[in-house]
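Q: Each protein sequence line maps, in turn, to chains A and B.
In terms of numbering that gives the first Met the number 0, the first sequence is numbered consecutively and its last residue is 169.
In terms of numbering that gives the first Met the number 0, the second sequence is numbered consecutively and its last residue is 59.
Heads up, some of the hints might be wrong.
Derived DSS-like pairs (lysine-lysine); straight-line CA-CA distance at most 25 Å [claimed, not checked]:
1) LYS57(B) / LYS30(A)
2) LYS53(B) / LYS30(A)
3) LYS57(B) / LYS9(B)
4) LYS53(B) / LYS124(A)
5) LYS57(B) / LYS38(A)
6) LYS79(A) / LYS57(B)
7) LYS3(A) / LYS14(A)
8) LYS79(A) / LYS13(B)
9) LYS124(A) / LYS57(B)
10) LYS13(B) / LYS124(A)
11) LYS79(A) / LYS53(B)
So these bits of chain B aren't anywhere near chain A, every CB distance computed over 10 Å [claimed, not checked]:
12) GLY25
13) ASP34
14) ASP36
FYI, nobody ran anything at the bench for these hints, they're computed from the structure.
Just so we're clear, the structure is a prediction, and the values are computed from it rather than from any experiment.
Using N, Cα and C, we set each Cβ at its ideal position, and we do this for glycine too.
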Amino acid sequence: MNEKLKQAAEAWAIKRDYGRAAMLEVLALNKEYRAAYPKEYGYNRAIRDFIVARCGIAPEYIDMLETEIYLSQHDIRNEKEAANAAAMLAAGWVALDKPAIDEALASGKLLQVVGTADNDFLTVKIDRVYKPHIFAKGTDQEQYGLMKPKARTHGYTLHQFDNAFCKLID
Amino acid sequence: MDTIILDWDKLAEKTGAEDMDIRACGGLLESLGFDLDNVNITAYQEDIEGNPWKLAIKSI
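Please model the entire structure based on the sequences and the hints provided.
A: Below, the structure written as structure tokens:
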């Protein structure tokens, strides 16, 4: 582990690639921590202490280990999102996107939407029925979005929804 | 409301606070329907130095 962290630290010194996957060993140990402490939140520091105790990381590589843990947290989040997406699609939901809104508009139906909605500093989980809508249709300000069923003017733009899935309903 | 995620960085930017304390958000959380005696707050995402920048607020 120390040798791999040394190599990673050398590569990191040349290029800080925050988009890359974590070292597989660190990802596996992160999952091991979560399996061992299922009721605990997987804080970076707790995972670091777990790995240091398990593998005996040299002090000069602790910084790199922390970076790998940070990256592994993203990998785990991405894995969870991919698993959730696969489960939703298998259950008959479709991704909430422009074609889904077009289909709902064409059929005159509403959309049951499950996912998260981002409102500036606040992200909320949603499971609601919305009316499909295209704001400023036909202009250069055109935006696909959703509105509450009885709303006439205000609504939500499509980009506010993240990892969202929908179903047509009458 | 049972769970929300607060983006601490954006919230601090909006309020102009450099070092904001979660207790300063009591009014906001209450206005969102939370009972402050019965909420659980955890880091939802930490930055590379382990500082939480997104917080998960859950009713318990």
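Q: Against the structure shown, which of the earlier numbered hints fail to hold, in ascending order?
A: 8
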